Amino acid sequence: MNEKPEKLIDKKGLRLDGRKIDELRPLKLEVGVLPNADGSAYVEHGKNKILVGVFGPREMHPKHLSMADRMVIRCRYHMASFSVPERKSPAPSRREVELGKVIRESLEPSVFNDLYPRTGVDVFIEVLQADGGTRCASITAASLALADAGIPMRDLVVACAAGKVDDQVVLDLMDEEDKLGVADVPVAYMPSLNAITLLQMDGILAPEELEKAVNMAMDGCKKIYAMQKEALKTKYMTVKEVEE
Amino acid sequence: MPTFFEKKQLVTPGELLAEGDYLLGDNTYLEENKVYASRIGLVDCENKRVNVVALRAFYVPKVGDLVIGAVIEVGFNGWTVDVKSPYTALLRASDVLSRPFKPQNDELSQVLSAGDLIVAKIASYDRAHDPQLTVSEPGLGKITRGQIMRVTPTKIPRVIGKKGSMISMIKQETNCQIILGLNGVILVTGKSPEDEELAITAIRKIEEESHTTGLTDRITQFLKEQKVKPEEKVE
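One line per chain: the protein sequences are A and B, in this order.
Using our numbering, read the first sequence as starting at 1 and increasing by one per residue.
Using our numbering, read the second sequence as starting at 245 and increasing by one per residue.
This is chain B alone, in the form it adopts within the complex (with noise of 0.2 angstroms):
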């Protein structure tokens, strides 16, 4: 039962992995018996199992991810939102008032209106629906202050880390709060617009150099030597 790539090797589509007893992980398909990769990526693996960490993906909806999306239409009893996904998802009018919905006595442009940002969760999913949003949940709903940027949803994982060791590093260090929406849309509200471009900075450096090892302990060094600079010249 060989394997036909060394660690973190980058591979194409339709490039022999491995041959036999192999399970299938992401990016990768079965086909005789031979496991092969479907997307550009690097290729790992980890107790039998074939795994291609895709370089170039787009965000696929998965129930109980947390999400950034845009408000981009009001509609009769919800709004729909666009969350960077090959599907548009729905946000319920009853959802967000959190009482019966009726449409005499309610205006939803008054409540969300076309190009709010707004952080939420998927409710439901499945092929033959387009994702539904929820907001009920402490911490969710339309974002009034902070920063937004953009990142490869495949690369989200790498931005918080093992164990979340990354993210809550950066929290730390620039004093600001990030939430990371799986569709690979972040949010930085820090107290001072400085603190949110360190922020912004830093997860931009990490995008970059995603694939090398001991990442957590430079992006740590970055941030401690960004710091000090800013203080130096207030001196």
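Looking at chain A on its own, in the form it has when it is part of the complex (with noise of 0.2 angstroms):
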């Protein structure tokens, strides 16, 4: 990789990338991509590209797993060897292992999961890209794919990044402000019921400063969840076509 750039935000306020300080990466969400699978979607945010696969509720093996009252969600974070510069070895890392469960756990309050006992799900979640904010970007995605394999469901959950480079707060962290910024705040957040599922910290950030960040974040949450609605209506829309 280059050498540590000066600066991450220059004198006009715009980042590494041409992006303001309020700015989020372009962002491209596809439902229904794989026939195989009960449900999935596809997510390209700025380089990040992620697939998701879920299968289920099914019944769940080994069968030790399951639970007599509730739905059991199992959760694979997975990053394909060419996802990143250098290449990665395809066994589950414990980064990867941790990413799933901290994944499953922000997707949980999300699932009515009370309603089928004994079943399970499974989400699949395959990296192919990866460019910082993955978590994020898998959130996004899972929660879609969620939806499109037709569980019930309280809300959508949506992710997004923020953090501090260069004494300032910005949202939607890429992977040279991931890497060489002070901190990295991700929130996934339920928009309708204004429930935040996850808030993690990497990094140092003064209390003011992890409001502003938060804040910031779950504002960058709507504006995905709007396109996240928009993509799953995208699917279905023919069926409203032939209505009208």
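For the record, the hints were derived by calculation from the structure and aren't laboratory data.
Being a predicted model, the structure only gives us computed values, none of them experimental.
Glycine included, every Cβ here is placed at the ideal spot set by N, Cα and C.
Keep in mind that the hints are not guaranteed to be accurate.
Label pairs and their in silico Cβ distance ranges [said to hold, decoys possible]:
no. : chain 1 : residue 1 : chain 2 : residue 2 : range
1   : A       : N194      : B       : F320      : 50 to 56 angstroms
2   : B       : L384      : A       : D114      : 28 to 34 angstroms
3   : B       : S409      : A       : E23       : 54 to 60 angstroms
With a cut-off of at most 16 angstroms between alpha-carbon atoms, the simulated EDC-like pairs for lysine to aspartate or glutamate come out as follows [as the list claims (entries may be wrong)]:
no. : chain 1 : residue 1 : chain 2 : residue 2
4   : A       : K235      : B       : E452
5   : B       : K328      : A       : E59
6   : B       : K415      : B       : E438
7   : B       : K399      : B       : E453
8   : A       : K63       : B       : D374
Join the two chains, each given in its own frame, into one complex according to the hints.
Structural data, given as structure tokens:
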């Protein structure tokens, strides 16, 4: 990689990729891309490319993992060997196992998991290309895939990060900003219910900076939420058009 | 007490549908006196009951439902049946044999073996137990002829139509026997494969256009046109 740039934000207040401080990276969402899965979604968030497939609800295997009172969600986050500049070993790393858990926990509050006890849902997240903020993009796509599978949900979950770069709080960090910046705050959020399902912080922030970052991330989430709803509707639009 | 949708609007999970004194229909939930959607579907409101007709859902067993399933395993005292639902169903040997089942005299795989398709009714089901099937009513049991097709379970009511208008019309026009499994599996049995094929295309058409009005009339029209064509060729 290149040497560290002197400044991550220039005098005009623009970032390395020319974005403003509170600007999101370009986002593309698609639903129902995998016919073999019960539900699926694909997201391109900046240079991130992530594919999510959902199976279930179905009988849980192995059986001892099923719960008598609720549906179990299993989540596998995996990065492809070619997703990063240096080849990544395809074996699941500590980081990937942890992210699988974090993503699962941020999706669980949105699903009515008490309706179908003793069943299991599998969420497979495959990162094809990574560029910072993959956990957020994964949550956004996984939530869409769950809705596409017909699983009853309280709301779609949207995730977006904010952070601190060069003494400024900025929205939606990309890879360089994530690595060279001061702090990263990923937030997952259910906009209709105004509930946060994931809040992490990596780095050091003053309390008021954290508050600013969380609010900024929530605003970003709301923007993504609109796109998310649009993507979900697009798949089923044909039905509506016939009706009209 | 406002509602926030137009009739038959496409909604996504979490969309606010109504506020105040409303009854919950399918695929909706209540939170702080507000009604939200829980699945992607089309909303409707009748007599203060907000209902979402899901566009994507899976079959959840209900006692008394007629279903079509495939035997996946022959067990010691019954069969395991796949009914295209999150839960696999069980069919007991004593139910099929209609006499006490003795493992020493009865070979279960001779009655039904893996891969056989059956029409059955859900005899019992609750949260804690897998559904149990019964075939002890006339018309139920092993399927010996006909063709099988699958549609989304939520579209079965549309295939039936108002008071069975749609399905009786298709039966009449195609001379086919049609059994609708509420789990989305449909059995079509006719005198010839052509008749069956015609009924299947008609049902596929209903599935695609399930939200249009005047569908029964259009399907009638479609079937009449299709029926004329093969006859012309013969002449």
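To see whether the hints hold, each was checked on the structure:
no.	hint	result
1	A/N194 / B/F320: 50 to 56 angstroms	holds, 54 angstroms
2	B/L384 / A/D114: 28 to 34 angstroms	holds, 33 angstroms
3	B/S409 / A/E23: 54 to 60 angstroms	holds, 56 angstroms
4	A/K235 / B/E452	holds, 14 angstroms
5	B/K328 / A/E59	holds, 11 angstroms
6	B/K415 / B/E438	holds, 14 angstroms
7	B/K399 / B/E453	holds, 10 angstroms
8	A/K63 / B/D374	holds, 13 angstroms
When the structure is compared with the earlier hints, no violation turns up for any of them.
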